[in-house]
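Using the sequences and the accompanying hints, generate a full structural model.
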Amino acid sequence: MKLKHLKSIAMKIHILNQQTSIANQFLCELRDTSVQTDRLRFRANLERLGELMAYEFSKTLMTKKCEVATPLGTSQAEVPVNDLVMVTVLRAGIPFYQGFLNIFDKAESGFIGAYREEGSAKDLMITLNYSALPNLDNKQLVLIDPMLATGKSLVKAFNQCLKYGHPKAVHIMSVISAPEGISYLKESIDHPGSIWTWAKDSHLNEMAYIVPGLGDAGDLSFGIKE
347 MKLKHLKSIA MKIHILNQQT SIANQFLCEL RDTSVQTDRL RFRANLERLG
397 ELMAYEFSKT LMTKKCEVAT PLGTSQAEVP VNDLVMVTVL RAGIPFYQGF
447 LNIFDKAESG FIGAYREEGS AKDLMITLNY SALPNLDNKQ LVLIDPMLAT
497 GKSLVKAFNQ CLKYGHPKAV HIMSVISAPE GISYLKESID HPGSIWTWAK
547 DSHLNEMAYI VPGLGDAGDL SFGIKE
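Everything in the sequence shown is counted per this note's numbering, starting at 347 for the first residue and increasing by one.
The hints are simulated quantities; they were obtained by calculation from the structure and are not laboratory data. Since no wrong hints were added, every one of them can be taken at face value.
Simulated DEER-style distance windows between Cβ atoms: (1) Leu418 / Gly459: 42 to 52 Å; (2) Ala415 / Leu508: 37 to 47 Å; (3) Asp565 / Leu418: 48 to 58 Å; (4) Asp562 / Glu424: 36 to 46 Å; (5) Thr406 / His512: 14 to 24 Å; (6) Asn484 / Met553: 32 to 42 Å.
Cβ coordinates follow ideal geometry from the N, Cα and C atoms, glycine included.
Next up, the structure:
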């Protein structure tokens with residue numbers, strides 16, 4: 347099988363709202379406090395942004411030739427190689443992850459439970475308490491979490507993933523990112539791959555929330571946790 351290879355640069359950054367598209371409308375609605383009260387719409391917008399990011403990401407993947415029989419002959423096309431594992435961080439990542447799974451319907455999936463102990467950005471602690479993943483050897487790992495704030499939870503999630511094998515590339519998918527989190531990922535993950543985000547925001551506040559951001563994506567999707 348002849349493959350067209352991904353041009354892989356360690357942690358290449360893709361900021362998608364730098365180009366005008368309908369995705370910017372969905373992103374505006376996610377941020378809008380007057381729309382956030384509608385949890386169904388909030389989750390739907392996360393899912394739609396997942397689908398659109400998955401489409402953009404698909405343009406960079408390795409491909410193989412596909413030939414199919416039609417009623418009148420045969421047709422050929424280059425299609426992505428199915429070597430992806432979609433891993434999301436519970437619980438905020440679920441709607442965004444579903445968008446990716448809608449597009450990459452043949453991909454394997456994995457799940458990691460992680461939560462942050464409330465505190466300042468300087469002493470923030472991340473706890474991992476659950477993981478269920480397939481073997482990752484020589485596969486492309488896609489880590490999906492809508493908010494890239496400090497980056498600590500994603501780095502811990504990546505290190506947890508390495509217990510399940512050695513992926514050939516890791517791709518971080520987020521809706522909104524802070525510069526501090528992007529820098530932390532680039533410094534902490536020495537692995538070929540990329541970082542994808544719809545928006546790179548201004549900074550983290552003293553409680554490690556993204557400014558202007560949108561608030562707590564998990565609470566807005568599913569309700570306030572105790």
